[in-house]
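Heads up: the protein sequence lines correspond to chains A and B, in order. For the first sequence, the working numbering begins at 1 and goes up steadily by one. For the second sequence, the working numbering begins at 1 and goes up steadily by one.
Keep in mind the hints are simulated off the structure, nothing from the lab. Remember, predicted model here, so these are calculated numbers, not experimental data. Keep in mind that the hints are not guaranteed to be accurate.
[Unchecked claim] Simulated crosslink set (DSSO-like; lysine-lysine; CA at most 30 Å straight-line): (1) B:Lys162 with A:Lys32; (2) B:Lys12 with A:Lys69; (3) A:Lys42 with B:Lys47; (4) B:Lys83 with B:Lys12; (5) B:Lys47 with B:Lys142; (6) A:Lys109 with B:Lys162; (7) B:Lys47 with A:Lys5; (8) A:Lys43 with B:Lys162; (9) B:Lys110 with A:Lys109; (10) B:Lys12 with A:Lys109; (11) B:Lys12 with A:Lys105; (12) A:Lys28 with B:Lys141; (13) A:Lys42 with A:Lys3; (14) A:Lys69 with B:Lys110; (15) A:Lys32 with A:Lys105; (16) A:Lys43 with B:Lys12; (17) A:Lys32 with A:Lys43; (18) B:Lys142 with A:Lys69; (19) B:Lys141 with A:Lys42; (20) A:Lys90 with B:Lys110; (21) B:Lys162 with A:Lys28; (22) B:Lys141 with B:Lys12; (23) B:Lys47 with A:Lys90; (24) B:Lys141 with A:Lys109; (25) B:Lys141 with A:Lys32; (26) B:Lys83 with A:Lys109; (27) B:Lys162 with A:Lys69; (28) A:Lys7 with B:Lys142; (29) A:Lys90 with A:Lys28; (30) B:Lys142 with A:Lys105; (31) B:Lys47 with B:Lys83; (32) B:Lys47 with A:Lys3; (33) A:Lys105 with B:Lys162; (34) A:Lys42 with B:Lys142; (35) B:Lys12 with A:Lys7; (36) B:Lys141 with A:Lys69; (37) B:Lys110 with A:Lys28; (38) A:Lys43 with B:Lys141.
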Amino acid sequence: MFKAKFKEAVICFGAGRVTLSYPFEPVKVPAKFRGKIEFDAKKCIGCGGCANVCPPRCIVIEDMGGIAKITFFLDRCIQCARCYEVCPEKAIWPTDQFETATPDKSDLKSEMTLWMSSCQRCGRCFETDNAIDKFHSKRWRGRGPEKENEHGIFPVKPPIDFTHPLLVVREDEEPI
Amino acid sequence: MISDLCKKMFGKSLWLFHANCGACNGCDIEVIDVLTPYYDVERFGMKLVGSPRHADALVISGSVSRQVAPALRRLYEATPDPKVTIAVGACAVGGNIWFDTYNVLGGADKVVPVNVYIPGCPPRPEAIIYGAALVLGLVGKKLSPQCQQHLPPGFHLEEHLKDWQSDPVITRR
Chain A
1 MFKAKFKEAV
11 ICFGAGRVTL
21 SYPFEPVKVP
31 AKFRGKIEFD
41 AKKCIGCGGC
51 ANVCPPRCIV
61 IEDMGGIAKI
71 TFFLDRCIQC
81 ARCYEVCPEK
91 AIWPTDQFET
101 ATPDKSDLKS
111 EMTLWMSSCQ
121 RCGRCFETDN
131 AIDKFHSKRW
141 RGRGPEKENE
151 HGIFPVKPPI
161 DFTHPLLVVR
171 EDEEPI
Chain B
1 MISDLCKKMF
11 GKSLWLFHAN
21 CGACNGCDIE
31 VIDVLTPYYD
41 VERFGMKLVG
51 SPRHADALVI
61 SGSVSRQVAP
71 ALRRLYEATP
81 DPKVTIAVGA
91 CAVGGNIWFD
101 TYNVLGGADK
111 VVPVNVYIPG
121 CPPRPEAIIY
131 GAALVLGLVG
141 KKLSPQCQQH
151 LPPGFHLEEH
161 LKDWQSDPVI
171 TRR
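Please work from the sequences and hints to get the whole structure.
Written as structure tokens, this is what we have:
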């Protein structure tokens, strides 16, 4: 019996220390880890795809005239990253931040305000698909840097490039 | 502030009472995982106890359902002062996917005051250790709310919202 105990002790000493010294030393997360989500207002087009697929509905979009206010309730986020999968512009992505414990619940609420076009009938905000409308818009990112001038909301109208794929009308397609 | 208070009050060891208020067992497994030798939260003097009267801290997991809410309230009152309440998991923090269901209250803070929130579904064991270290005052808070705007120059958001208050707000979710 004593022999067995001795063997056990040798095995235990051989194993060494396994405990992580985590809060005092940083720890690496595995690859493709899905942590707290982050977003970029400059990339977002406000299509609402992420709000559609979010299982806990933690992304809520409110349309107020031409303003879309997107609120992220990270307290009920389950980090499924479906918003990242569905986002056409990849304006929202999961980070590797898992240290999200907080004593204040208001830290878990983030906001994003976007300037968009709004429907004159129903009032819903939309990102226009028409390239000519987009040329007037401040949010047109198709070509060149945005210019700010005395015109206020609408910048200088850039010269229309008729070779742009959105402007070219194909033969099998009826013109709008 | 909480960490300063905790340093003063819970200087030696923090005994936990784990209250499952309708969890799917995911967060419970992670809480047990934290007590194993690999993650070993017992080096901070934390251990699970079987009675709320022996406990210093309540660890609440699960979306608090309507049936369990009075029991959780009794549990909180049975825990001697001073006490810390820790909500573990997206259910206990904000209600998860059941946040607006009829039989779920959507978060432990609707029933008892919560001191530390640990979101995640389930939270990583490291995240729970981080929350425990936050309670003990070993680490600082890293999270802060983000507020981003992408508006054209010369656009006054407050004036726009003032004009818009009379019309209904369309919510997409």
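Quick rundown of the hints versus the structure:
Restraint check for Lys162 of chain B and Lys32 of chain A: not satisfied, since their Cα atoms lie roughly 43 Å apart, outside the 30 Å limit. For a cut-off of 30 Å, the pair hint linking Lys12 of chain B to Lys69 of chain A is broken: about 47 Å separates their Cα positions. Between the alpha carbons of Lys42 of chain A and Lys47 of chain B the distance comes to roughly 47 Å, so the proposed pair goes past 30 Å and is violated. Our distance criterion of 30 Å between C-alpha atoms is met by Lys83 of chain B and Lys12 of chain B, whose separation comes to about 14 Å.
Proposed proximity of Lys47 of chain B and Lys142 of chain B is supported: the alpha carbons are some 26 Å apart, at most 30 Å. Simply put, Lys109 of chain A and Lys162 of chain B have alpha-carbon atoms about 23 Å apart, close enough for the 30 Å limit, and the pair holds. This hinted pair checks out: Lys47 of chain B and Lys5 of chain A have alpha carbons roughly 28 Å apart, not beyond 30 Å. Of the pairs offered as hints, the one joining Lys43 of chain A and Lys162 of chain B holds, with about 27 Å between alpha carbons and a cut-off of 30 Å not exceeded.
Proximity of Lys110 of chain B to Lys109 of chain A is assessed by CA-CA distance (about 17 Å); at most 30 Å being required, the pair is judged to hold. Simply put, Lys12 of chain B and Lys109 of chain A have alpha-carbon atoms about 34 Å apart, too far for the 30 Å limit, and the pair is violated. For the proposed pair Lys12 of chain B and Lys105 of chain A, the alpha carbon gap of about 27 Å is at most 30 Å, so the pair holds. Of the pairs offered as hints, the one joining Lys28 of chain A and Lys141 of chain B holds, with about 19 Å between alpha carbons and a cut-off of 30 Å not exceeded.
Distance check on the hinted pair: Lys42 of chain A and Lys3 of chain A sit about 70 Å apart at the alpha-carbon level, beyond 30 Å; violated. About 26 Å separates the Cα atoms of Lys69 of chain A and Lys110 of chain B, which keeps this hinted pair within 30 Å; it holds. At most 30 Å may separate the alpha-carbon atoms for a hinted pair to count; Lys32 of chain A and Lys105 of chain A meet this at roughly 27 Å. Between the alpha carbons of Lys43 of chain A and Lys12 of chain B the distance comes to roughly 50 Å, so the proposed pair goes past 30 Å and is violated.
Distance restraint check for Lys32 of chain A and Lys43 of chain A: the Cα-Cα separation of roughly 22 Å lies within the 30 Å cut-off, and the hinted pair is therefore satisfied. At most 30 Å may separate the alpha-carbon atoms for a hinted pair to count; Lys142 of chain B and Lys69 of chain A meet this at roughly 25 Å. With a C-alpha separation of about 27 Å, the suggested pair Lys141 of chain B and Lys42 of chain A falls inside the 30 Å cut-off, and the hint holds. Only pairs whose Cα atoms come within 30 Å are accepted, and Lys90 of chain A paired with Lys110 of chain B is rejected, the gap being roughly 35 Å.
Straight-line distance between C-alpha atoms of Lys162 of chain B and Lys28 of chain A comes to about 47 Å, which puts the hinted pair past the 30 Å bound. A hinted pair counts as satisfied when its Cα atoms are at most 30 Å apart, and Lys141 of chain B with Lys12 of chain B qualifies at roughly 22 Å. Between Lys47 of chain B and Lys90 of chain A the CA atoms are separated by roughly 43 Å; this puts the pair beyond 30 Å, and the hint is violated. A distance of roughly 15 Å separates the Cα atoms of Lys141 of chain B and Lys109 of chain A; the hinted pair therefore holds under the 30 Å criterion.
With a C-alpha separation of about 24 Å, the suggested pairing of Lys141 of chain B with Lys32 of chain A holds against the 30 Å cut-off. Between the alpha carbons of Lys83 of chain B and Lys109 of chain A the distance comes to roughly 26 Å, so the proposed pair stays at or under 30 Å and holds. Our distance criterion of 30 Å between C-alpha atoms is met by Lys162 of chain B and Lys69 of chain A, whose separation comes to about 15 Å. For the hint pairing Lys7 of chain A with Lys142 of chain B, the CA-to-CA distance comes to about 46 Å; that exceeds 30 Å, so the pair is violated.
Of the pairs offered as hints, the one joining Lys90 of chain A and Lys28 of chain A holds, with about 24 Å between alpha carbons and a cut-off of 30 Å not exceeded. For the suggested pair Lys142 of chain B and Lys105 of chain A, the alpha carbons sit about 13 Å apart, so the restraint of at most 30 Å is met. Proximity of Lys47 of chain B to Lys83 of chain B is assessed by CA-CA distance (about 15 Å); at most 30 Å being required, the pair is judged to hold. As the CA atoms of Lys47 of chain B and Lys3 of chain A are separated by approximately 33 Å, the hinted pair breaks the 30 Å bound.
Taken as a hint, the Lys105 of chain A and Lys162 of chain B pair is honoured in the structure, with Cα atoms around 28 Å apart against an allowance of 30 Å. Proposed proximity of Lys42 of chain A and Lys142 of chain B is supported: the alpha carbons are some 24 Å apart, at most 30 Å. With a C-alpha separation of about 36 Å, the suggested pairing of Lys12 of chain B with Lys7 of chain A is violated against the 30 Å cut-off. Pair hint Lys141 of chain B plus Lys69 of chain A holds up; C-alpha atoms about 27 Å apart against a cutoff of 30 Å.
Annotation: proposed proximity of Lys110 of chain B to Lys28 of chain A is violated, straight-line Cα distance about 35 Å (limit 30 Å). Pair hint Lys43 of chain A plus Lys141 of chain B holds up; C-alpha atoms about 28 Å apart against a cutoff of 30 Å.
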